[in-house]
Structure formats: structure tokens, C-alpha cells
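From just these sequences and the hints, can you work out the full model?
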Amino acid sequence: REGYMDPTNRSDSECSLASCSFVEDVCALVPKVTDALARERIEFWCNSFQYMRIVQDFECEWFTFNMAMTHANATSHIRRRIIAEREALPARIRMVQKATALMTPPLQTVSTRGEMGTFYNLQTHPPIHAFRDWEHEPPHLPGIPHPPT
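Position 29 (the sequence shown) corresponds to 29 in the numbering used here; numbering is contiguous.
None of these hints come from the bench; they were simulated from the model.
Hints are not guaranteed to be accurate.
What the hints assert, rightly or not - Per label pair, the in silico range of CB-to-CB distance:
hint	residue 1	residue 2	range
1	K32	T70	45 to 51 angstroms
2	D35	H71	49 to 55 angstroms
3	R86	F22	31 to 37 angstroms
4	L122	A38	24 to 30 angstroms
5	S76	R113	54 to 60 angstroms
6	T34	T112	38 to 44 angstroms
7	H77	R113	27 to 33 angstroms
8	F22	P90	42 to 48 angstroms
9	H77	V33	55 to 61 angstroms
10	Q97	E40	53 to 59 angstroms
11	T100	V33	25 to 31 angstroms
12	Q97	T70	18 to 24 angstroms
13	T70	G117	53 to 59 angstroms
Note that the structure is a prediction, hence the values are computed from the model and not measured.
Even glycine gets a Cβ: it sits at the ideal position worked out from N, Cα and C.
So this is what it looks like as C-alpha cells:
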């Protein structure tokens, strides 16, 4: 699954750290740059770093979901539902929100054919597999609809 996002690249400690805190510092430089070419470059890097942060956040939510499902599946049926409702379902909702956010920053950086190729690649390999090929199948929770994917 090379090229796909992978929650196994994450850990509890990595996901609890402030993610990419330097991004705000880079983006704060944009209004200070007066040269048009230099401003275009700094905007490119600002958008690129924002995207990388969203990818990291998405992978961390996916990791959180998998950990919640591992926890749920290791407990009794009654506890499984409680854990799934309180931990796994909110993580899945956040995953959907992060997956939606993944498509905006790449569009803002496309200015060459190469970047268009990169964006096309992102479109053909979206994070949808995180919802389709789950390591942990979500339990059916009567009365609780699954959020749309």
C-alpha cells in the first residue's frame, strides 16, 4: 500500500505532541513578503506545510479510531457499545472531517504541470481506503447512524 496514508506510522506520544508548530511561523511571513515571486514561494510552502499537518492529523485520528476499536473489541458486548459510542464514533467523525480538509491545500499549491500531476495522484488515491478497508470493522450500533463517508 505504498503511497497511502498509514495510521501504523503513528503512536500515542507522537499524536499527543503539538503537530507541526512551525507552520504558523512560516505562514505568518506571507504578508511581510513584498516581492511577488518570493511571496508566491512562501505561499506555496505555507500551503504545503498546512497540508502535511492535515495529513498528520488525519493519520492520528485514524490511529485513535483503530486504538478505540481494539479496546472495544477486547471487552464484553455491552462495554463494546459504550466504548464504540464514546471513543470510536467521534474519532471516525473527525476522520471524515480531516479527509474533507485534505483536498483544499493541495489545490492552493497547483501552479505547474508537475504539481497538477501530484494533485491528480492525490485524487486517485484519496484517504477513502481508511473508511473502506478498515482494520477494525465498526460494530453495528442500533439507533446510532454511521456518519456518511
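Taking the hints in turn, this is what the structure says about them:
The hinted range of 45 to 51 angstroms is satisfied by K32 and T70, whose Cβ atoms lie roughly 46 angstroms apart. The beta-carbon spacing between D35 and H71, approximately 53 angstroms, falls within the hinted interval of 49 to 55 angstroms. Take R86 and F22: their Cβ atoms lie about 33 angstroms apart, and the range 31 to 37 angstroms holds. A hinted range of 24 to 30 angstroms for the beta carbons of L122 and A38 is consistent with their spacing of about 26 angstroms.
One distance hint, 54 to 60 angstroms for the beta-carbon pair S76 and R113, holds here, with the actual separation near 56 angstroms. For the pair T34 and T112, the beta carbons lie near 23 angstroms from each other, so the given range of 38 to 44 angstroms is not met. With their beta carbons about 55 angstroms apart, H77 and R113 fall outside the hinted range of 27 to 33 angstroms. The supplied range of 42 to 48 angstroms is broken by F22 and P90, whose beta-carbon atoms lie about 28 angstroms from each other.
Distance hint check: the CB atoms of H77 and V33 are about 59 angstroms apart, consistent with the given range 55 to 61 angstroms. Taking the beta carbon of each, Q97 and E40 are about 29 angstroms apart, not inside 53 to 59 angstroms as hinted. At about 30 angstroms, the beta-carbon gap between T100 and V33 stays in the expected band of 25 to 31 angstroms. The beta-carbon spacing between Q97 and T70, approximately 22 angstroms, falls within the hinted interval of 18 to 24 angstroms.
Separation of T70 from G117 is about 37 angstroms and departs from the stated range, judged on CB atoms against 53 to 59 angstroms.
Checked against the numbered hints above, the structure violates hints 6, 7, 8, 10 and 13; every other hint is satisfied.
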